[in-house]
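Undergrad: Here's the letter readout for the chains.
There are 2 protein chains.
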Amino acid sequence: MIRISLDAMGGDFGPEVVIPGAAKALERHPDIQFVLFGQQERCLPLLAQYPKLKEKSVFHHCDVAVAMDEKPSQALRRGRYVSSMWRSIEAVKTGQADVVVSAGNTGALMAMAKFCLRTMATIERPAIAAIWPTLSGESIVLDVGATIGADAQQLLDFALMGGAMARALFEVERPLVGLLNVGVEEIKGQEEVKEAGRMLREAGLDTMDYYGFVEGDDLGKGTVDVVVTEGFTGNIALKTAEGTARQIAEYLRAAMSRTLLAKIGYLFAKGAFDKLREKMDPRKVNGGVFLGLNGIVIKSHGGTDAEGFAAAIDVGYDMARNGLTQKIENDLKKYHARHPSSAGPEAA
Amino acid sequence: MIRISLDAMGGDFGPEVVIPGAAKALERHPDIQFVLFGQQERCLPLLAQYPKLKEKSVFHHCDVAVAMDEKPSQALRRGRYVSSMWRSIEAVKTGQADVVVSAGNTGALMAMAKFCLRTMATIERPAIAAIWPTLSGESIVLDVGATIGADAQQLLDFALMGGAMARALFEVERPLVGLLNVGVEEIKGQEEVKEAGRMLREAGLDTMDYYGFVEGDDLGKGTVDVVVTEGFTGNIALKTAEGTARQIAEYLRAAMSRTLLAKIGYLFAKGAFDKLREKMDPRKVNGGVFLGLNGIVIKSHGGTDAEGFAAAIDVGYDMARNGLTQKIENDLKKYHARHPSSAGPEAA
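Which chain is which? The protein sequence lines are L and Y, in order. Here the first sequence stands for residues 1 to 348, numbered as in this note's numbering. Here the second sequence stands for residues 349 to 696, numbered as in this note's numbering.
Think of the hints as simulated: they come from the structure by calculation, not from any bench. Heads up, a few of these hints could be off.
Only pairs whose alpha carbons sit at most 30 Å apart, straight line, appear in this in silico BS3-like list of lysine-lysine [claimed, not checked]:
(1) LYS542/Y with LYS279/L
(2) LYS372/Y with LYS681/Y
(3) LYS194/L with LYS419/Y
(4) LYS221/L with LYS675/Y
(5) LYS441/Y with LYS372/Y
(6) LYS402/Y with LYS542/Y
(7) LYS71/L with LYS52/L
(8) LYS569/Y with LYS279/L
(9) LYS275/L with LYS327/L
(10) LYS419/Y with LYS279/L
(11) LYS400/Y with LYS441/Y
(12) LYS263/L with LYS632/Y
(13) LYS611/Y with LYS632/Y
(14) LYS627/Y with LYS263/L
(15) LYS400/Y with LYS221/L
(16) LYS618/Y with LYS270/L
(17) LYS279/L with LYS24/L
(18) LYS569/Y with LYS263/L
(19) LYS627/Y with LYS611/Y
(20) LYS221/L with LYS542/Y
(21) LYS682/Y with LYS441/Y
(22) LYS275/L with LYS419/Y
(23) LYS71/L with LYS569/Y
(24) LYS611/Y with LYS279/L
(25) LYS542/Y with LYS682/Y
(26) LYS221/L with LYS682/Y
(27) LYS627/Y with LYS279/L
(28) LYS270/L with LYS419/Y
(29) LYS221/L with LYS419/Y
(30) LYS402/Y with LYS632/Y
(31) LYS275/L with LYS402/Y
(32) LYS404/Y with LYS372/Y
Covered stretches of chain Y (in silico footprint by chain L; criterion: 3 or more residues with CB under 8 Å from a CB of chain L, positions within the stretch not fixed) [said to hold, decoys possible]:
(33) 571-584
(34) 600-610
These numbers come from a predicted model, not from an experiment. The beta-carbon is built from N, C-alpha and C at its ideal position, and this holds for glycine as well.
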């Protein structure tokens with residue numbers, strides 16, 4: 001059994017998406033037990049429409065819902081201890097749940113998760129890992145927005161955590177890990193990235209293989225299982241890829257409706273286009289994973305629908321079932337046992 | 349008449365691409381006069397195949413060709429004063445040419461261009477500007493790889509230079525300029541980006557309109573005419589977009605060849621697919637522009653073909669014809685006259 005707590009009020013649509021999403025995920029994983037937090041006036045009528053879900057859920061009423069545009073500091077002030085977001089995270093802390101999923105605003109969710117769960121002993125700053133569709137399957141890319149301007153030790157921490165997540169998600173023994181860099185000879189990349197590369201090469205880890213530097217176009221190729229970068233670049237790379245995908249989908253749509261022949265061709269190839277659309281469906285890879293906290297937190301896109309929210313629950317389910325937190329803790333322990341001088345929050 | 353000097357030995361294929369490319373560009377712009385630099389054994393037989401081009405060209409033999417994998421420092425040592433790359437740049441310095449185009453290695457080209465042409469009086473570090481295809485046309489994105497970790501003043505310089513380039517390229521009076529940032533509330537972006545935003549807002553420039561921050565997905569939308577960022581993020585965003593485009597093209601190719609119906613549909617819609625392919629053709633937007641030097645340098649992709657090299661020449665032609673260097677100089681002068689305290693190389 002995997003116990004998943006849900007912030008039913010999170011996202012642009014709140015319970016109208018979260019509850020049907022949970023019902024979908026339950027169909028795929030009948031061993032899920034849900035703990036739901038939200039405003040009962042909105043949630044209970046919806047829950048009544050999904051009797052199977054209701055049966056597998058415990059519902060807790062919360063007066064306060066964090067708004068999507070609320071600043072993290074304000075959300076913390078107003079929502080700590082009482083909001084559906086806080087209480088769904090707290091359920092992981094108290095052991096009621098194995099993982100929490102929220103479509104609420106990223107900043108508030110990260111602030112509350114840090115405050116409630118705390119970062120792991122040797123981790124200075126957490127990361128958000130995205131699952132990136134590639135030509136050869138999927139990769140993990142981190143950080144996509146939690147930590148701006150990471151130093152070499154933080155990049156190494158990201159590599160360790162991303163490697164552990166890859167082992168949990170892809171069930172590979174030694175995932176291939178690369179550092180995102182620029183290839184232009186003259187500039188040779190940031191000092192921190194080079195230093196992290198040296199550290200990874202010398203670390204002699206048996207939990208991953210260090211590939212070396214990768215460039216922006218390696219993301220789509222799937223050159224490595226885990227791509228490590230700091231949050232500014234990672235966030236911009238992620239959004240650039242999403243934007244490019246939408247741009248090309250728009251070109252394609254326009255091209256296929258321009259002439260009668262194109263329209264006829266579209267009808268014939270409709271099955272293929274449907275497959276393509278499915279392949280490019282952003283809902284299918286929904287679910288950013290917060291890494292480096294004492295507990296698993298999954299962030300769903302705020303604007304997603306029930307299908308997308310169910311995909312985020314799937315990610316949470318996999319992470320909990322494969323013991324992500326324990327894997328990360330073990331890998332960090334192993335590393336620090338071999339490199340006792342390396343920095344943790346105290347040393348930094 | 350626009351005089352363009354060419355490094356005939358640059359790129360993965362050298363004169364075999366450069367000379368046919370020049371011939372193509374000349375067809376479109378009969379008022380070009382070329383100055384070619386390269387090894388005569390390889391260039392002259394090729395040139396003989398294009399009599400029209402030969403007529404409009406002056407050829408200079410150079411013994412030395414910079415290799416594509418040569419380190420900038422090595423290229424400078426070996427190729428200064430004597431290589432086709434150096435001499436084609438020097439032609440701009442001495443006034444023999446209005447612009448130089450090279451498909452040679454970026455690091456060496458930037459090193460030589462800096463050494464030969466020098467940066468403009470108030471510019472500390474140059475930038476490479478890319479022309480980015482968007483849903484609403486084209487944008488300029490800079491820096492895509494020359495300057496890592498720009499400070500606020502450098503970002504402001506990039507904004508000024510990118511704005512001038514937009515006026516030269518798009519012939520708009522007040523281009524819209526945005527700063528690339530991450531949108532997650534909690535982290536609020538890098539200090540330098542925020543500071544550059546403040547400076548741009550307070551600058552009261554009449555040569556551009558400052559839009560504010562943009563995110564990665566605004567690149568493909570074409571939200572602004574000019575997107576400003578430092579070279580690490582810009583390079584990764586550019587390559588991520590290129591990689592994503594190739595990834596989706598690959599998905600599309602696979603989808604259209606999977607079933608008989610899809611293949612039939614493809615035949616019907618072939619005209620539309622050809623249009624789409626043309627739209628996504630990376631050769632069409634070839635040509636990075638080096639900004640901030642006393643002269644215009646255009647970098648073509650090293651692996652491009654004659655069509656792509658001709659597109660890079662087109663960019664050089666437009667930049668020279670529209671007086672890019674003068675526009676940048678004027679804009680910088682205007683800005684510094686209003687902000688006498690702001691940094692130049694001396695003040696930095």
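Undergrad: Checked against the structure, which of the hints given earlier come out wrong?
TA: Hint check: 1, 2, 4, 6, 7, 9, 10, 15, 20, 22, 26, 28, 31 fail, others pass.
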